[in-house]
Amino acid sequence: MSGEEFVPLSLVPILIGTFTAIACALPGNFLVLRKQALIGDAISHVVLPGIVVAFLVTGTLGTWPMMIGAGLAAIVAVILIEAIRRLGRIETGAAMGVVFTSMFAAGVLLLERSDTSTVHLDVEHALMGNLESLIWLDADGWASLLDPVALEGLPPELSRIFLTMLGVAAFLWLFWRPLKISTFDESFAEGLGIRTGALGMALVIVSAIAAVAAFDAVGSIIVIAMFICPPAAARLMTDRLEAQIAWSVGFATLSAVLGYVLAGYGPLWLGGDNAVSAAGMIATLSGCILALAVLFGPKRSRIGAPTEG
Amino acid sequence: MTHLELAADHGHRVAKERLDASPLAIRGLTVSYGEKPAVFSVDATIEDGSMTAIIGPNGAGKSTLLKAALGVIKPLSGTVTVHGKPLESARGRIAYVPQRASIDWDFPARVIDVVLMGLYRELGMIARVTGAHRRKALDCLERVGMGDFAHRQIGQLSGGQQQRVFLARALAQDADLYLLDEPFAGVDAATEKAIIDVLKALKAQGRTVVAVHHDLATITDYFDHVFLINVRKVAEGPVATTFTAETLQKAYGGRLATAQIEDLELGAG
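Each protein sequence line maps, in turn, to chains A and B. Going by the working numbering, the first residue of the first sequence is number 1, and it counts up by one from there. Going by the working numbering, the first residue of the second sequence is number 1, and it counts up by one from there.
Read the hints as simulated data drawn from the structure, not as lab findings. Hints are not guaranteed to be accurate.
What the hints assert, rightly or not - Calculated lysine-lysine pairs in the DSSO-like style (CA-CA distance at most 30 Å, straight line):
{"no.": "1", "chain 1": "B", "residue 1": "Lys74", "chain 2": "A", "residue 2": "Lys35"}
{"no.": "2", "chain 1": "A", "residue 1": "Lys35", "chain 2": "A", "residue 2": "Lys299"}
{"no.": "3", "chain 1": "B", "residue 1": "Lys193", "chain 2": "B", "residue 2": "Lys85"}
{"no.": "4", "chain 1": "B", "residue 1": "Lys74", "chain 2": "B", "residue 2": "Lys36"}
{"no.": "5", "chain 1": "A", "residue 1": "Lys299", "chain 2": "B", "residue 2": "Lys85"}
{"no.": "6", "chain 1": "B", "residue 1": "Lys136", "chain 2": "B", "residue 2": "Lys193"}
Claimed, not checked - Partial list, derived from the structure: chain B residues whose beta carbon lies under 8 Å from chain A:
{"no.": "7", "residue": "Leu70"}
{"no.": "8", "residue": "Leu76"}
{"no.": "9", "residue": "Ser102"}
{"no.": "10", "residue": "Ala109"}
{"no.": "11", "residue": "Phe149"}
{"no.": "12", "residue": "Gln153"}
{"no.": "13", "residue": "Phe184"}
{"no.": "14", "residue": "Ala185"}
By construction, the Cβ of each residue, glycine as well, lies at the ideal position given by its N, Cα and C atoms.
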């Protein structure tokens, strides 16, 4: 593939897909270990009613109203989940299941009943995003990467998700030690004086930011998959948290790059004539990687295995 | 000043001196998980340099007392002081060993990684782990007889080995006060011996050890002080005077048969 074709059409979607995958997989490592992996699922679902309400209030599909609407919806959901968990005295997973399905369904109803025919807002878009449309028309080859005029024309989603990814990475780097200790042994962490409640909340908020920024670019399917699949597969490759993070970033990148290429060219290779959804392919691929890790990962079959001695 | 005022003032001063001398003084501690209190209005004054066993029947609030003393559970009321100072300013002097069963041992970490967690207050959030830190962690593992296991995945350890790793992590904290929640629960005889040897060595260095304990038969061998609790405090003091048939009967009620009490090696009281 020549640079003239690749750079304007494929480079940006691949980068956005990769940054999204990494931004979600990084906090996903801790969510999976804390058995809170469904949080990513919950957040990416509740974002829909937030966006619809933001559209109904402002009448536009501008980025900031969407982001604010999604953020508010995520906060409402987290509060509802906590309230149901405490008042109902049930486990978090059940509370999340109730909240995110209801809110997502409400979002679908709202979307159906409101007049969004003039704008590009529908359930399919919310689920799949539109990675393929994030093209860089100002580019005409690799040289454009050094051309300031062409760089101006980069889709704004790219810098947004890149900054989000950096922010998520910075949070994990800064709070690495307390996060690790409190994820492993919460009582001990409290005894050390670590504010485990605030730290857990901060982790959920950072995950929510990643989910909302990712939703903006690629839809909720990738978000849900990336919070869980790369970290879960990475856990099966190593017994060290540091290495697990590295593996999860590798798997996230592999899913994004290979998924995009397969979605765009796979059907052509198989004799079909149109591409399939990149978001769907990336998410599917991350699931396949997890399946392979479950079957062949060196550290599999740990859970529930009897300890010797 | 009247005699009465003098006496009150004197009493206050004595109380304050006792408080300042105690590595862990609890006043009016009440903890509740739901409607019923798990620990009700408990006072405790742990003797400096002692080895104190917290004993009482199941559900008596032993672990809760320990957790609330550390602020792991928020109490409804009560104060905790460490040598007369508030708990928050003295966290670096306390090491806590939670119940082994409260942890998911499938966590991706090696034995040495867990012991290094004990250096958190020394390292802070950012500082890099150096060779000196690793040597210190290895030394703590040697002290509990686990030096050869430093690079094992923690999920591969037996229950007794896990408990020793937890103790090594507490040793790495280099504290004055060690709080242990059932350190002997479900461990093999060799581990029990290794743990009690380490705890006695700590006491010999002048440190204070407080442990929730279940096995009444080993109290006189292992500990010099007892604290009996059954939601409310029943008694506290030296084993010789406080670990008696009377206080046990009071703490355990009908759950401890008279014949069982007669078998125990009790204090003189």
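Each hint tested on the structure:
no. : hint                 : result
1   : Lys74/B to Lys35/A   : 24 Å, holds
2   : Lys35/A to Lys299/A  : 19 Å, holds
3   : Lys193/B to Lys85/B  : 34 Å, violated
4   : Lys74/B to Lys36/B   : 15 Å, holds
5   : Lys299/A to Lys85/B  : 47 Å, violated
6   : Lys136/B to Lys193/B : 23 Å, holds
7   : Leu70                : 5 Å, holds
8   : Leu76                : 17 Å, violated
9   : Ser102               : 6 Å, holds
10  : Ala109               : 6 Å, holds
11  : Phe149               : 11 Å, violated
12  : Gln153               : 4 Å, holds
13  : Phe184               : 17 Å, violated
14  : Ala185               : 15 Å, violated
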